[in-house]
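Generate the whole structure from the sequences, applying the supplied hints.
In order, the protein sequence lines correspond to chains A and B. If you read the first sequence in this note's numbering, its first letter stands for residue 1, the second for the next number, and so on. If you read the second sequence in this note's numbering, its first letter stands for residue 111, the second for the next number, and so on.
It cannot be assumed that every hint is accurate.
[Stated by the list, open to error] Here are some of the chain B residues that sit facing chain A, going by a computed Cβ distance under 8 Å:
1. Val242
2. Gly267
3. Val271
4. Leu275
5. Gly286
6. Tyr289
[As the list claims (entries may be wrong)] Calculated Cβ distances over 10 Å to all of chain B for the following chain A residues:
7. Met1
8. Leu5
9. Phe28
10. Gly51
11. Glu52
12. Leu54
13. Pro55
14. Val58
15. Ala61
16. Thr64
[Said to hold, decoys possible] Computed spacing ranges between beta-carbons, pair by pair:
17. Val84(A) / Ala148(B): 25 to 35 Å
18. Gly589(B) / Arg21(A): 52 to 62 Å
19. Val58(A) / Val378(B): 36 to 46 Å
20. Ile3(A) / Pro176(B): 24 to 34 Å
21. Val378(B) / Leu87(A): 34 to 44 Å
22. Gly137(B) / Pro55(A): 51 to 61 Å
23. Arg614(B) / Arg21(A): 53 to 63 Å
24. Ala61(A) / Leu115(B): 32 to 42 Å
The set of hints was computed from the structure by calculation and includes no laboratory data. It should be emphasised that the depicted structure is a prediction, and the values quoted were computed from it without experimental measurement. Ideal Cβ positions, reconstructed from N, Cα and C, are used throughout, including at glycine.
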Amino acid sequence: MIIPLSIAVLVTGGVYLLLQRGMVRIIFGLALISHAANLMLLLAGVSAWRGEPLPDRVDPALATDPLPHAFVLTAIVIAFAVTVLMLALAVIGHNDDTKRMPATGEERAT
Amino acid sequence: MNPALLPLLLAVPLLAAGLLVIVRSRGVQRVVVLAVPAGTLVMAVLLLLEHRSVPVLAHQVGAFAPGVAIPFVSDTLAALMLAVTSLATLVAAWFLCVTGEDRYRFLPALLLMLHGGVNGAFLTGDLFNLFVMVEVMLLPSYALIAVTGTWRRLGIGRTFVVVNLVTSALLLTGVGLVYAVAGTVNLALLSDAAADNPPLALAAAVVLLALSVKGAVVPVHGWLPQTYPATSAGVMALFSALHTKVALYAIYRIYATVFDGHAPWAVVLVVLVVLTLGVGAWSTFGEHIIRRALAWQMIAGVGHILVGLTLFTAASLAAGLFYMLHHIVTMGALLLLAGAIEQVYGSGRYERLSGLIHRDRAVAILTALGLLSLIGIPISSGFFGKVALISAAAATGTWQGWLLLSTVLVVSVLSLVAMQRLWAGVFWGPEMETYRPDSPATGRAALAPLPQDVLIPARLWLPGATLVTVQLGMFFGAGTLMPLVARAAQGLVDTGPYVEAVLR
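In structure tokens:
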């Protein structure tokens, strides 16, 4: 029960932050949503606590399903890389989404 | 061919991308960035020849037991998609070299990463791996939008990143749900599993929803016409050939594999496809810039492609797949020609351009051929695409078939009128008198009188001309292409050989 509730809270916070104007808040919102997705993946394989998925220590019948762990690990790495990239985007063009964009000599779009 | 070679289609572009980060010589970069997609093209043609005798090739990565390992699977459909996308990547890379955009430090490396991710997405037989490949494909795209870096593109790039990230989270959630319900994410094990398992049908619908955002299906299409036209023409040609088409390929593959025939919610699909066709064609009227108008035509194209899936007969799937191949080539050609016009005259607006038919006869003829293909008037590949779609829709004899048939016809007329406006605005009218020449300092200099000797040079329109020629080849060679596409569609209708090859 506690994991679905956590997912709900994370998604709520994530959507709220996503609807804000500043880039950094949007990034935090996306981080929350990707955490929620990760928890969902964990829930797909582990509904209750079971043993570590190490075949020489724990009886495979009692061990937890290792595949969702691998999924989550991959997803976390990807989310981390994207977050770093987006933080870089936020730094490069800081404030250009809340103030006017700097003059570059380009003609305006549309 | 040994199936163990399949992962090389992913590994070689990624390794080459790594190499290009280290090697800074522009000559080496150009050779590698053109050679790798050309290599994929050769490999795809070899695979197509191989699939005449062996319908499905599968390789279990890491030699784990089948069903546990991540499979790389190639069938006629995957090989066809590999061939067409690698051709489009090759030509777009050529165009980027001609316009000099390859001088941006990481552009060749990013392009190859994108290429590798696309190849992986076509070949993978595992839902989670598909998510990873889509991310491998999107990460360089985030940078590609920003790297040709003006301020406006940076802001636009954010829209693209945020939309795609939220969608990726949704895709991941969907994959998690599929795993929770079915206990596997291997497509071969999921084959026809949703027919008697409503929770799995729902989980698969979440995956398909995420993919349809990435494929720009109305009403979740808004990001595409906003972001694509803001990038450069070469990058837009690359994206239009790869991103939405990978998503559409995955929709075809997953829908056909997981559901046995129609999904329980197939009516929703009919409504969405009709909306996509209508909104795409109608919105083209609102645009006065070549590439923005083409972006809306891409949305209409997505609708056409999905008509084949919605009807789900062997003939309609083949028609939809043929339309997808045609759309990649034709849209690429038109975007590259529009890019050549913008590069020389400094604008893609209908009002700023006029009378180009007097100055650049070759570009005018090529664009005309491309536009005819987009609408579906012979001599063009689009003609056979639409004929196949309409005859497949008429053959079903259901209300869905008739609704989609009439929508396709109405949309074709709308697109014809909208594209006539483009044609009249850009190519007809009085001779142009002013233009905005290239300026190294600000990108575009102020309006200047247009001298008679400023024309679109052949090196700029040759990439577009190549794709127009391929498109004409698809018209004259339809006799050989149609059976191939029909075989690909047969692989979707009857997933038996696919499952057998993967789980053997």
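Now the hints, each set against the structure:
1. Val242: Result: holds, 6 Å to nearest chain A Cβ.
2. Gly267: Result: holds, 7 Å to nearest chain A Cβ.
3. Val271: holds (6 Å)
4. Leu275: holds (5 Å)
5. Gly286: Nearest chain A Cβ about 4 Å off; hint holds.
6. Tyr289: holds (4 Å)
7. Met1: Correct as stated: the minimum Cβ-Cβ distance to chain B is 16 Å, above 10 Å.
8. Leu5: holds (16 Å)
9. Phe28: holds (12 Å)
10. Gly51: At about 19 Å from chain B, Gly51(A) clears the 10 Å cut-off, so the statement holds.
11. Glu52: holds (19 Å)
12. Leu54: The assertion about Leu54(A) holds, with a minimum of 17 Å to chain B.
13. Pro55: holds (14 Å)
14. Val58: holds (19 Å)
15. Ala61: holds (16 Å)
16. Thr64: Non-interface label stands for Thr64(A): nearest chain B Cβ at 14 Å, farther than 10 Å.
17. Val84(A) / Ala148(B): 25 to 35 Å: About 33 Å separates the Cβ atoms of Val84(A) and Ala148(B), which means 25 to 35 Å holds.
18. Gly589(B) / Arg21(A): 52 to 62 Å: Hint holds: Cβ distance 56 Å, inside 52 to 62 Å.
19. Val58(A) / Val378(B): 36 to 46 Å: Distance hint for Val58(A), Val378(B) holds at roughly 45 Å.
20. Ile3(A) / Pro176(B): 24 to 34 Å: holds (32 Å)
21. Val378(B) / Leu87(A): 34 to 44 Å: This hint holds: roughly 38 Å between Cβ atoms.
22. Gly137(B) / Pro55(A): 51 to 61 Å: holds (52 Å)
23. Arg614(B) / Arg21(A): 53 to 63 Å: holds (55 Å)
24. Ala61(A) / Leu115(B): 32 to 42 Å: Given range 32 to 42 Å: holds, Cβ gap about 39 Å.
Checked against the numbered hints given earlier, this structure breaks none of them.
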